[in-house]
Structure formats: structure tokens, C-alpha cells
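Protein sequence lines correspond, in order, to chains A, B and C. Oh and the first sequence: position 65 is 65 in the numbering used here, straight run, nothing missing. Oh and the second sequence: position 229 is 229 in the numbering used here, straight run, nothing missing. Oh and the third sequence: position 119 is 119 in the numbering used here, straight run, nothing missing.
Don't take each hint at face value.
[Unchecked claim] Pair ranges (Cβ atoms, derived): (1) C:G10 x A:I51: 27 to 37 Å; (2) C:K23 x B:G30: 53 to 63 Å; (3) A:T117 x B:P543: 22 to 32 Å; (4) A:T117 x B:S369: 18 to 28 Å; (5) B:K303 x C:K116: 34 to 44 Å; (6) B:E172 x C:P24: 51 to 61 Å; (7) A:L18 x C:R82: 13 to 23 Å; (8) B:S500 x A:W74: 36 to 46 Å; (9) C:W14 x A:G152: 21 to 31 Å; (10) C:R82 x B:G65: 19 to 29 Å; (11) C:K116 x B:D114: 37 to 47 Å; (12) B:D546 x A:T117: 26 to 36 Å.
[Stated by the list, open to error] BS3-like cross-link-like pairs, simulated, lysine-lysine; straight-line CA separation at most 25 Å: (13) A:K11 x C:K110; (14) A:K126 x C:K110; (15) B:K442 x C:K2; (16) B:K461 x A:K8; (17) B:K466 x B:K263; (18) C:K38 x A:K11; (19) B:K182 x C:K229; (20) C:K116 x B:K31; (21) B:K461 x C:K38; (22) B:K182 x B:K29; (23) B:K446 x C:K90; (24) C:K38 x B:K492; (25) C:K77 x B:K303; (26) B:K29 x C:K110; (27) B:K488 x C:K2; (28) B:K461 x B:K182; (29) A:K11 x C:K12; (30) A:K108 x C:K2; (31) B:K483 x C:K38; (32) C:K225 x A:K108; (33) C:K229 x B:K461; (34) A:K108 x B:K492; (35) A:K8 x C:K90; (36) B:K466 x C:K229; (37) C:K2 x B:K182; (38) B:K182 x A:K11.
Keep in mind the hints are simulated off the structure, nothing from the lab. Model, not experiment: these values are computed from the prediction. From the three backbone atoms N, C-alpha and C, an ideal C-beta is built for every residue, glycine too.
Listed below, chain by chain, are the residues.
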Amino acid sequence: MGEEKKEKRYKSGLLRSLWPYNFNVERYTYTLHRITGVILILYLMAHVFEIYHVALGPVAWEQTMALLGSLGIWEKIGLWIIAGSALYHGANGFRLILNEVFGMLLGKPVLPEYPYTPTSLSRNQKIAIYLIVLVVEALWIWAGIYLLWGLGII
Amino acid sequence: METLDYDVAIVGTGLAGLRTAIEVLRRDKGKLGLRVAVISKIYLMRSHSVSAEGGTSAVLYPEEGDSFELMAWDTIKGSDFLADQDAVWRFVHIATQEIRLIERWGVPWNRREDGRIEQRWFGGLSFPRATYAQDKTGFFEMRALYDTLLKYDNWDRFDENFVTSIVIENNEFKGFTAIDLKTGNFRYFRAKAGVIATGGAGQLYRITSMAASSTGDGYGLAYNAGLPLKDMEFVQFHPTGLVPRGILITEAARGEGAYLVNKDGERFMQKYAPSKMELAPRDIVSRAIMKEIMEGRGVYDEKSGLYHVWLDMRHLGKDRIEQRLPFIREIGLKYLGIDIVDQPLPIRPTVHYNMGGIHVDIDGKVLNSSGMPVKGLWAAGEAACVSIHGSNRLGSNGTNECLVYGYIVGNDVYNYIEKERPSLPSPSQNLLLAEEDRIFGKLLGKESGGEDVYQIKDELKDTMEKYVHVYRTGSEIEKAVTKIRELKERYKNIRLSDRSRVFNYNLEHALELGFMLDLAEVIAQGALLRTESRGAHARLDYPNRDDANWLKHTIALKGPDGPSFSYIPVKITMWKPVARVY
Amino acid sequence: MKVRIRRFDGQKEWWQDYEVDAKPSDTVLDVLNRIREKQDHTLAFRQSCQMGSCGSCGMVINGLPALACQTRIGELKTESIRLEPLYNYKVIKDLVVDLNDFVNKHRSVKPWMIRKNPEELEEAPTEFKVTPEQNLTFVQFDYCIMCGICLAACPTVAIDPLFLGPQALGQAYRYIADPRDEGFEERIDILDDSHGVWRCHFAGACSYVCPKGVDPAKAIQYLKKDILKYRLLHKKKASTKPAELVQKAPPPNAPKPPPFDFKVEGGV
Chain A
1 MGEEKKEKRY KSGLLRSLWP YNFNVERYTY TLHRITGVIL ILYLMAHVFE
51 IYHVALGPVA WEQTMALLGS LGIWEKIGLW IIAGSALYHG ANGFRLILNE
101 VFGMLLGKPV LPEYPYTPTS LSRNQKIAIY LIVLVVEALW IWAGIYLLWG
151 LGII
Chain B
1 METLDYDVAI VGTGLAGLRT AIEVLRRDKG KLGLRVAVIS KIYLMRSHSV
51 SAEGGTSAVL YPEEGDSFEL MAWDTIKGSD FLADQDAVWR FVHIATQEIR
101 LIERWGVPWN RREDGRIEQR WFGGLSFPRA TYAQDKTGFF EMRALYDTLL
151 KYDNWDRFDE NFVTSIVIEN NEFKGFTAID LKTGNFRYFR AKAGVIATGG
201 AGQLYRITSM AASSTGDGYG LAYNAGLPLK DMEFVQFHPT GLVPRGILIT
251 EAARGEGAYL VNKDGERFMQ KYAPSKMELA PRDIVSRAIM KEIMEGRGVY
301 DEKSGLYHVW LDMRHLGKDR IEQRLPFIRE IGLKYLGIDI VDQPLPIRPT
351 VHYNMGGIHV DIDGKVLNSS GMPVKGLWAA GEAACVSIHG SNRLGSNGTN
401 ECLVYGYIVG NDVYNYIEKE RPSLPSPSQN LLLAEEDRIF GKLLGKESGG
451 EDVYQIKDEL KDTMEKYVHV YRTGSEIEKA VTKIRELKER YKNIRLSDRS
501 RVFNYNLEHA LELGFMLDLA EVIAQGALLR TESRGAHARL DYPNRDDANW
551 LKHTIALKGP DGPSFSYIPV KITMWKPVAR VY
Chain C
1 MKVRIRRFDG QKEWWQDYEV DAKPSDTVLD VLNRIREKQD HTLAFRQSCQ
51 MGSCGSCGMV INGLPALACQ TRIGELKTES IRLEPLYNYK VIKDLVVDLN
101 DFVNKHRSVK PWMIRKNPEE LEEAPTEFKV TPEQNLTFVQ FDYCIMCGIC
151 LAACPTVAID PLFLGPQALG QAYRYIADPR DEGFEERIDI LDDSHGVWRC
201 HFAGACSYVC PKGVDPAKAI QYLKKDILKY RLLHKKKAST KPAELVQKAP
251 PPNAPKPPPF DFKVEGGV
């Protein structure tokens, strides 16, 4: 170990890492967590760039606003995706903090019983995940309605 | 050819091999700076020792009625008095220390409520002294030893190196030759001391509890190097192998109280061993099961076409099974879809252990044809025959033999190097080149012939399964011998279809088959000559034990046409043979 | 039954189809053996115990890493089988992958019993006392058969070859959780690393595919908790190396310190 391995490894790499097909629910949440994380980072960078225009004076700010306004409904859809990402990333992040920092939802070490169902992926964890999905969905739909209402569509 | 220099070369990485390596390194602690090569034809931790299930015998609680005498007596009685009693006496004393030592290295023994090690019943014991870690005892022991070995740094691992021959000149060990499967290169391990710990040869049979890698390479290596094999005709059949594969269902199941039941729902063991019942030694239970099947009280399994009896654990209760036999439950569910909590398992005898092995003395030194130690060569574990197990090994005496002899051999190797300070040997190059040519020129590069390795292997397995099984008769063994000779002739004409160098399993299997054919011949002929029934060797035409003529070890040596046999006396120091009743 | 196998002979890779007779009760390993013995002697795959306790035959079966010897045809519920070598490993030939990295990673977390007084591991007049309840805290993680399947399933190993991986971390926790072991402080700096526990984002795939129920994901989350607790209470920064790892000039004639790099193949 030590230096970077150059040799080719079978079916390895970023795309494989994000491809959860065939695997467990947690691996889907992992993929979603990573993707929403990237979306949030991109949004934050864009947001900082947007705010930066305030310092350039009122004209620049108005121009930026106008640019955003010209996106029309796409701006709202973008915001909606960002809201969804933030909701999911936050809620799932909360679950991961419970897991990783407090060691909750994992179950105690047990004598494994065949067929082996790992306690760390068992009922409590699944309930937490479905609860997150449910809450995030509900809030996200609400956010969508709110955005559409803002546009005057409903 | 690549030459690698080491002080100690250990072939085989089961319990005995790892224990030997640890003992050498542990004694050394950098004093002599010994370099150890650990050579295995598979990866470390894949050795068949991981499949040992039931327990490891040792005297831990003398205050509760156990004693060394009792354990020695059980072992010797179990062996049908063919064991060397001085070796047994030494063995039972070291076992206790080994159990505690590997406990400190990490084995999660099952415990009593007060935190001390728990023990349970096993076949043929007069005190429950099988120390156990669930029903994966061998696996946890391997884990602990492997992990402990990782702690040391003066050793190199040679995973997937298939040893092809032992280099011996003038009664002096000079190293091993091997093929590195990963690259296909030929290697010569030049070493001052060598240890053979390659395990048994269960793959000679069709239905076996042994791993695909247990092909008796160590026996074949020694035999082809002109070293004698001892007591090879004694092949242990474990009574409870899962139908149809022969996967091991541990004796601990019966130790915990399981019943053996025939077609009529009768606990038939009361006819064969009225006092011990299911907990009689393995040879007796195996014979009982085969007798039930032969007399028509076995159950027919349509899928596999095999007859079997039932092993019933339903009365043990789920809790006890989960605590003490989780792996057996897993095996039942996994391979047959049967939950032992509410259904019995179909079982029949399966090949489990070779009592015989490389002829060694009480220190594990390999002896040559004239009974003198070969300088610098040891053998340990199932590959060696001391003999502690005589004609029948007691359940739970296998893993501790590996540990004890790993310890003894490790120490002996270290003492030898410390005292004699041998220098690296220098064999004649012709010997090594001839070996390289035998493998790569004459076998891999051979264009003529058309025999198929796997076809011969299949026929060999069927022959052994049919004619040299639990019950043997002279006429059947003769058929086997004829067939094996024919197969040996055909083996000379094999042709490999894989000509590559990297991971050429075809080549490896061909070399293994060569060893297996030799062994089959030794086993069958030894069985033919021994005209008595003793322990695991049961002749229908000679049903009684014959102490007057046959209280002696068989010694087989390779001759120009087949093995030649001689006999040496058994060392009897404590107990004279008596009738063996359980 | 149709079997598709991903093959590799050192230069080229290809898919090869075989037609085999198979009963639902046969295992994938039986099928492979049948192919090798009756149809194609050149097919390479590892096997040993054939009962799910040695870990040789790990491979990807229909897209999921599993042990061939304990996967029955019947439970796959598909018409054909697709077999590939384990993901995230270098392939040597056909279904045989290179495990050297894997064993190196395992060794680097010091997976052995550590006592403050090493003499206690040399002689054993008595056993250490462990109650059945204490036994339960680690025995699950001792079930590991080192098959390497968890690393094939792990999405993090796919992007970070230096990540220690679920097996090594799980084994570190096996000893840390063992009441007999006192080596937590020796191991913490190996584990508390950007390629150590913190690289794990709990996808749980390792626990999902583990053929022995070891649940390495659980072990890693417990490790994170333990490490955080230790750092908070002992106010040590992650970057400080313990005295042992700081290389001082060894006294003359001292035995060489154990090298961090572990030579797997002699002469390589």
C-alpha cells in the first residue's frame, strides 16, 4: 500500500459506485445522498456567485435578477429540485448521524442466525428510511405546490 | 527456475502448519532471525481445518473428575489399541496448555456462566471434555492462529504454490520444489528444515466431508520421495454426513443428544452400543448405520439414489440449537431446505479422516525406510501418523493433535536449528532440472496420449467408494486393486488440454491425481493384506480383531511396481489390549 | 441451463456461454465443476471446502457477489446464470482475482490480540474469563471467513482503492470489542484516517452480501462512535501519531520493527 494503484480493477470506478441495482435499500439511499450532496454544493456555489453581485452595485444585481427571471418556470423547477435535495440530504444526514455518531438503529451484536439478516439493515433502519422518504416526499410535494402557487398557476 | 532461501519451509497451512509457524517464530523472537516460508496450494485461511466443527478434547477440569489417564485411556481404547501409548501419554498432557493458549489468542470458546471454558460430550469419551466454540471450533481456531501469525514479520506467505516434490539426498532434507500457480513459474524452496502439514486425502472418495483441496498431496510427496507411509488402510468414516454431498454434520449433534433413527423410527444404536448409544466412537456408529442400510432398514432418497438414516435433533429445542449448533442448522437450511428444529436430517457415513500418514516418531521427525529420522524433515497433523489415533480417531482428537504437534514440531525445528546451526543445503542441480522437466516438459508439454484427468479421477472415486468403503471384503478389494492399477497405466497417457502457465488448474489436478492414484493403491493393498477387523478397517471375511497376528503398524514403501509392505510393533506401555465394548 | 461466464486469459476478456444440466438443488459451484470437468478444462475458479466455511469461491452471481458453494440454482429463480469475477479486484484469470491487497489491508489494522503485558500471550496457566454475555459482543464479527465479497459490494472501495474496506475495519472492531484485548489505542490512528472509518458512508452493501452474517457495516459505525468518544474525552488530534509510529533511531542490535508493508508473495 502507499502509492496509488494504477492497475485496472474489474468493474470499479465512480459509475459502478453510484449504481445500486441489485443491492439493498441503503445503497440506494447512499447513491441519492451523494447525488443530492453534489447538487447542493453546485447550488451553494451558484448562490454565493449570485450574492456576490450585490457587492457590484444595484445595476449588476438587477441584471442577475433579470437573468434568473428569464429562466421562467425552469428557475422554479431548479429551486424545487434544490429544495428536494436539501430535504433529502438533511433528513438522511440526520439518520446517518444517529447511525455513525450515536450508534443508533444498528442493533446490538448478536449471534447471527441463518438466513443472515444483518441487524444494521433490519427493521429499525428500514423504518427510519421509509419515514424519511415519506416526510421528504410530503414536504417536497408541498414545496412544489407552493412554488406553483407562487407562479399563479394554481 | 527461481530459488528461494529460507530457514524453515512449512507446506500446508491448516491448524498444524500455522501452529508450527507460530511456534518457530515465537521461540525465535528475532534471536536467530529465522525466516519462515509458509507454502499453501490455496490461500491461507482456506485450508480444510476451517471445516472442523465439533470440539477439541483436553483435560481442563481434573477437579470435576477428568484426568490425563482417563483421556489417554479413551484415546487408546478408541484406537482399538493400535495407538502408540507413549505418544498418547505425551499428547494428552500438552493439549490442556494449547487450549488455554489459543484462548488467549482469541478463540471465542463457549463459556460457563462464571466465564470459564465450557466442555461437552463427544463420541467415545468418558468425560465431557470436548472444548468447543459453537459448532465452528476449527474455524475459530484457524482464525486465532492466522491472526496471531500476522503479528510476526519474519515470514513470507506463498499462497497458491503447489509443492510437487520433496528434495531429499543422502537422507537429508534439501527443500521443496513448487509451481507458483499465479505465474506458472517453477520454484525451489531451499530450506534448512521442512515441515509437511498438508492434511488428509478425502478426495479419494465420492462422498466425503473433506475439501476439494484435501487430495493427500503430503502423503504422495513423501511416498514418491521414498519415505514410508504408516497405517494408510485406516480411513475414518464419519457416521453423519449429509446426503447427498457428504457435508459434515458434527458429532457434537449427538454429543448434545441427537438420536440416530432408522426407517422404522427405531433408535438402532441400542443394538450396537447399548451403554454409549449414539456416543460410541465413529467406526462403530458408521458400521451400525451401514449395517442398517445393508439389512434394508435405511431410507431411500429418490433425488440422489442413496440410502440413509435420520439424525433427529427435534427434541433439543431451538435455543440449544442456536447456541451450540448454529452451523448445522445453517447447513440443513442451505443445502436441503430442512430446519433441524422441526425435521430430522438425512445422513450416511462420509469419508472424514486418514488415521494413517507419513511415518514419524514421537517428536514428529519423519522416519525413513530403515526407521531413522531424515535430517531436517518433520510432519505434523493429519499428514503425519505418530500414531495417536491408531486404527480409529476419536471425535475431537483431530484439532488438538494438530495444535499439539504444531507445538512439538515447532519447538523441535527450532531446537534443531539452534543446536546444529545447519547451513543451507546444496542439492545437485540435475535433480531439480529433472523435476522441472517432469512437470513442464513431460506433463504440460506432452502432445501424445488422450486420457482425460477428470475421467480417471471420476473412476478412481467410484472404485474407492464401491470397493474400499466402511465394510470391506477380500474379493472386492482385489477388484479395486486391479482397477487402480489399470487407472495408473492410463494415467501415463494423460494429455492436458490447458497449456497456459497462469492458474493452470488442469496441471494441478493432474499432479494431484498422480498422488491420489498412488495413495489409493497403498490403501487398497494395505487393506487387502490386513486380514482382521480393527477400528475403521472392517473386513466382512475377517470380522474379528486378531491381536496375535495384527497388533502392528503397516509400513508401505514405494517399489518399482507398486507398494511393498512391512510391519512394525505397536508401543504398548500402559494398557494391554482388551475387548472393545461400549 | 445456460451459464454465461466472464472469462479472461491475461490479454483478452470475453463472455462464454455453456449449456449444463442442473437440478435446482445443485449449487453454482457444482455447475462450475461440471463445466470444468466435462466441457472446458481451461476454466479457472477457486474452490476448497464446498460447504461455505473457507471463502474461496466468492464471485459475482447474477450481479450480486456471493459464495458459489452456497448459492443453489433453485434459489436464483432465473433461467440462466451470469458469473463474473468479484468487482473491485484485479482479475488474474477467469473467475480468479488478486487478493493480495485485501490481505494487506486486513493485516494493517493489527488484527490480533494485544495485551498491555505481552507476556500474557506467551504462557497460559489459566484462561481469561469471559462470560457468555461478553462473548456475544464480538463473536459475530469473528464469523468473518475472509472471502472478500464485502469489498466487491462496497461502493466506496470502487472509488477509493486505498480505503481499508469493510473486512479490515470489521476485524479491527472484532478485537476492539473483545474484552480480552487492550489494543484500542494502538489501532486508533490506523482507523481514524481519511482512508479509514471516515471513508465509509454506510451504504450497508457489505452487510447485505456477507455470506456469514458478520455485519461489517455495524462494526464500522460502532468504530466511528468509539473513535469520536475517545477523541472527545482524550482531547487528542487525529494527526498526532502515537509514540510507537514515530521512528526513532533503533538502539544497536535491536530487532527490526515490524514493517508496515507486508510482503505477500516471496520474491516479488
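Going down the list of hints, with the structure as the test:
For the pair C:G10 and A:I51, the beta carbons lie near 57 Å from each other, so the given range of 27 to 37 Å is not met. In this structure the supplied range 53 to 63 Å holds for C:K23 paired with B:G30, their Cβ-Cβ distance being about 56 Å. A C-beta distance of roughly 52 Å is found between A:T117 and B:P543, which places it outside the suggested range of 22 to 32 Å. Evaluation of the 18 to 28 Å hint for A:T117 and B:S369 yields a failure: the beta carbon distance comes to about 58 Å.
A hinted range of 34 to 44 Å for the beta carbons of B:K303 and C:K116 is inconsistent with their spacing of about 57 Å. For the pair B:E172 and C:P24, the beta carbons lie near 56 Å from each other, so the given range of 51 to 61 Å is met. A hinted range of 13 to 23 Å for the beta carbons of A:L18 and C:R82 is consistent with their spacing of about 21 Å. Between B:S500 and A:W74 the beta carbon distance is about 58 Å. The supplied range of 36 to 46 Å is therefore violated.
Hint check: C:W14 to A:G152, Cβ distance near 60 Å, so the stated range 21 to 31 Å is violated. Separation of C:R82 from B:G65 is about 59 Å and departs from the stated range, judged on CB atoms against 19 to 29 Å. A hinted range of 37 to 47 Å is violated for the C-beta pair C:K116 and B:D114, which are about 24 Å apart. For B:D546 and A:T117, the hinted distance range of 26 to 36 Å is not satisfied, since their beta carbons lie about 57 Å from each other.
Annotation: proposed proximity of A:K11 to C:K110 is violated, straight-line Cα distance about 29 Å (limit 25 Å). Restraint check: the Cα-Cα separation between A:K126 and C:K110 comes to about 34 Å, which exceeds 25 Å; the hinted pair is violated. A distance of roughly 36 Å separates the Cα atoms of B:K442 and C:K2; the hinted pair therefore is violated under the 25 Å criterion. Simply put, B:K461 and A:K8 have alpha-carbon atoms about 41 Å apart, too far for the 25 Å limit, and the pair is violated.
Under the criterion of a C-alpha separation no larger than 25 Å, the hint pairing B:K466 with B:K263 is consistent with the structure, at around 23 Å. Restraint check for C:K38 and A:K11: not satisfied, since their Cα atoms lie roughly 30 Å apart, outside the 25 Å limit. Taking the CA atoms of B:K182 and C:K229, the gap is near 45 Å; set against the 25 Å cutoff, the hint is violated. Between C:K116 and B:K31 the alpha-carbon distance is near 22 Å, which keeps this suggested pair within the 25 Å criterion.
Distance restraint check for B:K461 and C:K38: the Cα-Cα separation of roughly 16 Å lies within the 25 Å cut-off, and the hinted pair is therefore satisfied. A threshold of 25 Å between alpha carbons decides the hint, and for B:K182 with B:K29 the separation of about 31 Å lies outside it, so the pair is violated. Note on B:K446 and C:K90: the hinted pairing is violated, with a Cα-Cα distance of about 32 Å set against a maximum of 25 Å. Proposed proximity of C:K38 and B:K492 is supported: the alpha carbons are some 20 Å apart, at most 25 Å.
The straight-line distance between the Cα atoms of C:K77 and B:K303 is roughly 20 Å, inside the 25 Å bound, and the hint therefore holds. Proposed proximity of B:K29 and C:K110 is supported: the alpha carbons are some 18 Å apart, at most 25 Å. Taking the CA atoms of B:K488 and C:K2, the gap is about 36 Å. The hint is violated against a cut of 25 Å. About 28 Å separates the Cα atoms of B:K461 and B:K182, which puts this hinted pair outside 25 Å; it is violated.
Between A:K11 and C:K12 the alpha-carbon distance is near 15 Å, which keeps this suggested pair within the 25 Å criterion. For the hint linking A:K108 to C:K2, the alpha-carbon distance of about 42 Å lies beyond 25 Å, and the restraint is violated. Proximity of B:K483 to C:K38 is assessed by CA-CA distance (about 22 Å); at most 25 Å being required, the pair is judged to hold. At roughly 14 Å between alpha-carbon atoms, C:K225 and A:K108 fall within 25 Å of each other, so this suggested pair holds.
Annotation: proposed proximity of C:K229 to B:K461 is violated, straight-line Cα distance about 59 Å (limit 25 Å). Annotation: proposed proximity of A:K108 to B:K492 is violated, straight-line Cα distance about 60 Å (limit 25 Å). Under the criterion of a C-alpha separation no larger than 25 Å, the hint pairing A:K8 with C:K90 is consistent with the structure, at around 6 Å. The straight-line distance between the Cα atoms of B:K466 and C:K229 is roughly 64 Å, outside the 25 Å bound, and the hint therefore fails.
For the suggested pair C:K2 and B:K182, the alpha carbons sit about 29 Å apart, so the restraint of at most 25 Å is broken. A hinted pair counts as satisfied when its Cα atoms are at most 25 Å apart, and B:K182 with A:K11 qualifies at roughly 21 Å.
Of the numbered hints stated above, those contradicted by the structure are hints 1, 3, 4, 5, 8, 9, 10, 11, 12, 13, 14, 15, 16, 18, 19, 22, 23, 27, 28, 30, 33, 34, 36 and 37, listed in ascending order.
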